[in-house]
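Q: Listed below are the residues making up each chain.
There are 2 protein chains.
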Amino acid sequence: MNTPQIIGKKRDGQPLTKEEIDFLIRGFSEGSVPDYQMSAFLMAVFFRGMELDETLSLTRAMINSGKVLDLSRLPGVKVDKHSTGGVGDKVSIVLAPLVAAAGVRIPMVSGRTLGHTGGTLDKLESIPGLRTVLSPGEFVRNVERVGFSIAAQSRELVPADEGMYALRGVTGTVESVPLIVSSILSKKLAAGIDAIVFDVKCGAGAFMPELSRAEELARELVRVTSLMGKNASALITDMEQPLGNAVGNALEIKESLDCLKGGGPADLTAVTMELGVEMLRLAGVESDRARALEKLEKLRSGGAALQKFVEFVEAQGGDARVVEKPSLLPAAAAVEVVLAPCEGYVKGIDAKTLGEICVDMGGGRRKRTDAVDASVGVVLRAKVGDAVTRGQDLVEVHLRRDRSAVWVADLMTRLERVFSFSEAPVPERRLIMERLPVQGPAAKA
Amino acid sequence: MNTPQIIGKKRDGQPLTKEEIDFLIRGFSEGSVPDYQMSAFLMAVFFRGMELDETLSLTRAMINSGKVLDLSRLPGVKVDKHSTGGVGDKVSIVLAPLVAAAGVRIPMVSGRTLGHTGGTLDKLESIPGLRTVLSPGEFVRNVERVGFSIAAQSRELVPADEGMYALRGVTGTVESVPLIVSSILSKKLAAGIDAIVFDVKCGAGAFMPELSRAEELARELVRVTSLMGKNASALITDMEQPLGNAVGNALEIKESLDCLKGGGPADLTAVTMELGVEMLRLAGVESDRARALEKLEKLRSGGAALQKFVEFVEAQGGDARVVEKPSLLPAAAAVEVVLAPCEGYVKGIDAKTLGEICVDMGGGRRKRTDAVDASVGVVLRAKVGDAVTRGQDLVEVHLRRDRSAVWVADLMTRLERVFSFSEAPVPERRLIMERLPVQGPAAKA
Chain A
37 MNTPQIIGKK RDGQPLTKEE IDFLIRGFSE GSVPDYQMSA FLMAVFFRGM
87 ELDETLSLTR AMINSGKVLD LSRLPGVKVD KHSTGGVGDK VSIVLAPLVA
137 AAGVRIPMVS GRTLGHTGGT LDKLESIPGL RTVLSPGEFV RNVERVGFSI
187 AAQSRELVPA DEGMYALRGV TGTVESVPLI VSSILSKKLA AGIDAIVFDV
237 KCGAGAFMPE LSRAEELARE LVRVTSLMGK NASALITDME QPLGNAVGNA
287 LEIKESLDCL KGGGPADLTA VTMELGVEML RLAGVESDRA RALEKLEKLR
337 SGGAALQKFV EFVEAQGGDA RVVEKPSLLP AAAAVEVVLA PCEGYVKGID
387 AKTLGEICVD MGGGRRKRTD AVDASVGVVL RAKVGDAVTR GQDLVEVHLR
437 RDRSAVWVAD LMTRLERVFS FSEAPVPERR LIMERLPVQG PAAKA
Chain B
37 MNTPQIIGKK RDGQPLTKEE IDFLIRGFSE GSVPDYQMSA FLMAVFFRGM
87 ELDETLSLTR AMINSGKVLD LSRLPGVKVD KHSTGGVGDK VSIVLAPLVA
137 AAGVRIPMVS GRTLGHTGGT LDKLESIPGL RTVLSPGEFV RNVERVGFSI
187 AAQSRELVPA DEGMYALRGV TGTVESVPLI VSSILSKKLA AGIDAIVFDV
237 KCGAGAFMPE LSRAEELARE LVRVTSLMGK NASALITDME QPLGNAVGNA
287 LEIKESLDCL KGGGPADLTA VTMELGVEML RLAGVESDRA RALEKLEKLR
337 SGGAALQKFV EFVEAQGGDA RVVEKPSLLP AAAAVEVVLA PCEGYVKGID
387 AKTLGEICVD MGGGRRKRTD AVDASVGVVL RAKVGDAVTR GQDLVEVHLR
437 RDRSAVWVAD LMTRLERVFS FSEAPVPERR LIMERLPVQG PAAKA
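Heads up: the sequence lines are chains A and B, in that order.
Residues 37 to 481 in this note's numbering are what the first sequence spells out, letter by letter.
Residues 37 to 481 in this note's numbering are what the second sequence spells out, letter by letter.
Simulated from the structure, these hints should not be mistaken for lab results.
Heads up, a few of these hints could be off.
Note: identical chains are not told apart, hence a pair may lie in one copy or across any two.
Claimed, not checked - For lysine-lysine, the following DSSO-like pairs were computed, each having C-alpha atoms within a straight-line distance of at most 30 angstroms:
#, residue 1, residue 2
1, LYS45, LYS403
2, LYS54, LYS403
3, LYS103, LYS297
4, LYS383, LYS334
For reference, chain A alone in the conformation it holds in the complex:
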């Protein structure tokens, strides 16, 4: 068995054996398979795909490259949620305390901002003092005491994924279903979960713009999780426009707090609630959708979810006073407003471009080592379907004071162009585009 042969086999469309996949991933972890062979392999997988057995073998090989957390001593079903990433997607920050308030344990391993989509960890770190890099022991203790923790992937877990994920980002091999599935599942399963709901984003602002591709990914995520012996379900949700109104780290924390206090934008609340229903179902807490919704709504408006969030912030070293006093969050020095250029209805808001503009403002990363400015970002004052009058506020822009007038003028023009308008009313888009029901642990047919 040698690496060029394995690459050649995949290139020619032949399925790889478990032994071949193990050889490759072990070699990559140990350094005997260099980056240039792994990237050629990843590109071959991009073109040829993988059969179910190969994806399972790949996921297992990646898990076996590092440690696996044992959460079996914690009571109940440990449930997680994973989103494929979108613009303005701050769901985890509301959902985790909400579902934890219902008594479910949530060991949530999360990621950072990269490209045009934001990362939960960067958003949380805009809370002064809050740490997201925890030791495995601290992470488990927080899940036990608070009910949930949101933390960075430990480098002891799935080390093979770190190198593969980095390579994919710079070699055009991100959008491959088996590579996405094995990357997500190896990390989630190594974190010791029993069940998971996937929020697969679909639309211009998502990695999977087409519904058919999003469906394929959602089906494969649920199927492979089930074959790995865990419970899973999935929602496909709209990412044609940003979720909620705020895009930017501290601004999104503020909006999340609104939502935890019983307010917040309707779309953010709806997606959070639907994912919460799935998590209660997966945890065996409540299988009836209406009763689950009622339960979650009580926890949200009654303050229990907010209280869980306070406990979480304190447990991870953050200043929990931000909950009552959001002005303690980093704030931008300057606030400008983009005005509506015409009368009509908002027809579209290009989420991807908006995400890229926020990166240019300093709120995201071009490469891993870039620093992120927590204070900058935008708040949308109109969303798709809203009627607008010429000259009304369209976008609130939070920016650094050191920008030149030309730079700001250009930014405002770019932000205006993110919007498209229509004279006629715009039909409402479905927020929850599809649901894949819970699939329990299964053996291969």
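Assemble the complex: chain A is given as a structure, and chain B must be docked to it using the hints.
A: What follows is chain B alone, placed relative to chain A:
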């Protein structure tokens, strides 16, 4: 412009611009495009191919990565021959002195043994003292004085190819027409040639086993050379069985000498003559095939070709006495004979497996740094179509004395299995499978 975007564009089947290809090749030469991005790009090219303009841009970018030899001060048309590689292919060693004896200048840059196919340089280096690593100045001087030189690629010429060629060998991206074409042509054109004939090998022992693929490669080689402003033609020749009888470095030199003396195996002589006809045509020396053949036959049987070879050996520091006394070449300590296991006709000789067996005997390389034993190899005593009687000599095996009896017995069995037999006579295969006529310098239509 950035590398992941360029890779992604090729991955999605969009043609790349000249600027994008320049950016990539320059970056790779300078080190800003790492191996892992280049290998992902190469795999994307493997799947998506390249349009004619892209192949031209790639070839030019590779040439521009280093120096270009200027042979314009040498009189006449400088012609070369390139073979895509086969087992027992010692054509260059006979062809270059033969055509040089007709007054044509041949600046021949050649390669080393790798995988199951032999390399002209390793064969030549079995002549005591002969050097194939020359400075560009020495190479040009030898072409001027002797009429031809056969030397290793200078590292100053097409440095980009060295890294790309090495990557392709270990990432399953060898068999891609645009990558083969740009690799061959960049090296040949940087060596300052005016015209070239391609010997595209086809059959089980070649890199292109299928005729359709060999045709595609031959057409593309001629077309791109023509668009690069040079004359080109091509033959597709049979590589279903080895060419000639000898496989192994010193053994092939001996067979080449036989051929230069007017003898040698019929198939080797025929392919050499047909390629010689093309070279005389390309050089403008003789366009009529019959007259060209007559001329070459005279130079071969009359000793002029052999005399050129002597001059070449002396100019490159070799011991020219081997020409009259081949026993001065390295000789194997032990010679065994494989006997025919049955009566009948030889139906096939698996050239690829035979080439691999010779590598195992020490005559080739598994990796670039392996040493090659010049003395070992085989001489076939029967070829496809020959009638054999049970127990007659089938293969003469030249091997080292330090091999164990078990190893030798296994070797003999493997060699016997390289042959297949038939009770009925075997129809003759065409040696020259196809001819692509000379195409002059052309502008893109």
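Q: Under a CA distance limit of 30 angstroms, which applies to LYS383 and LYS334: within one copy, between copies, both, or neither?
A: neither (34 angstroms within a copy, 84 angstroms between copies)
Q: Is the C-alpha distance from LYS54 to LYS403 at most 30 angstroms within one copy, between copies, in both cases, or in neither?
A: between (34 angstroms within a copy, 27 angstroms between copies)
Q: At most 30 angstroms between CA atoms: does that hold for LYS103 and LYS297 within a copy, between copies, both, or neither?
A: neither (38 angstroms within a copy, 70 angstroms between copies)
Q: Check LYS45 against LYS403 for me: Cα-Cα at most 30 angstroms, and say if that holds within a copy, between copies, both or neither.
A: between (33 angstroms within a copy, 20 angstroms between copies)
Going through the hint list in order, the structure does not satisfy hints 3, 4.
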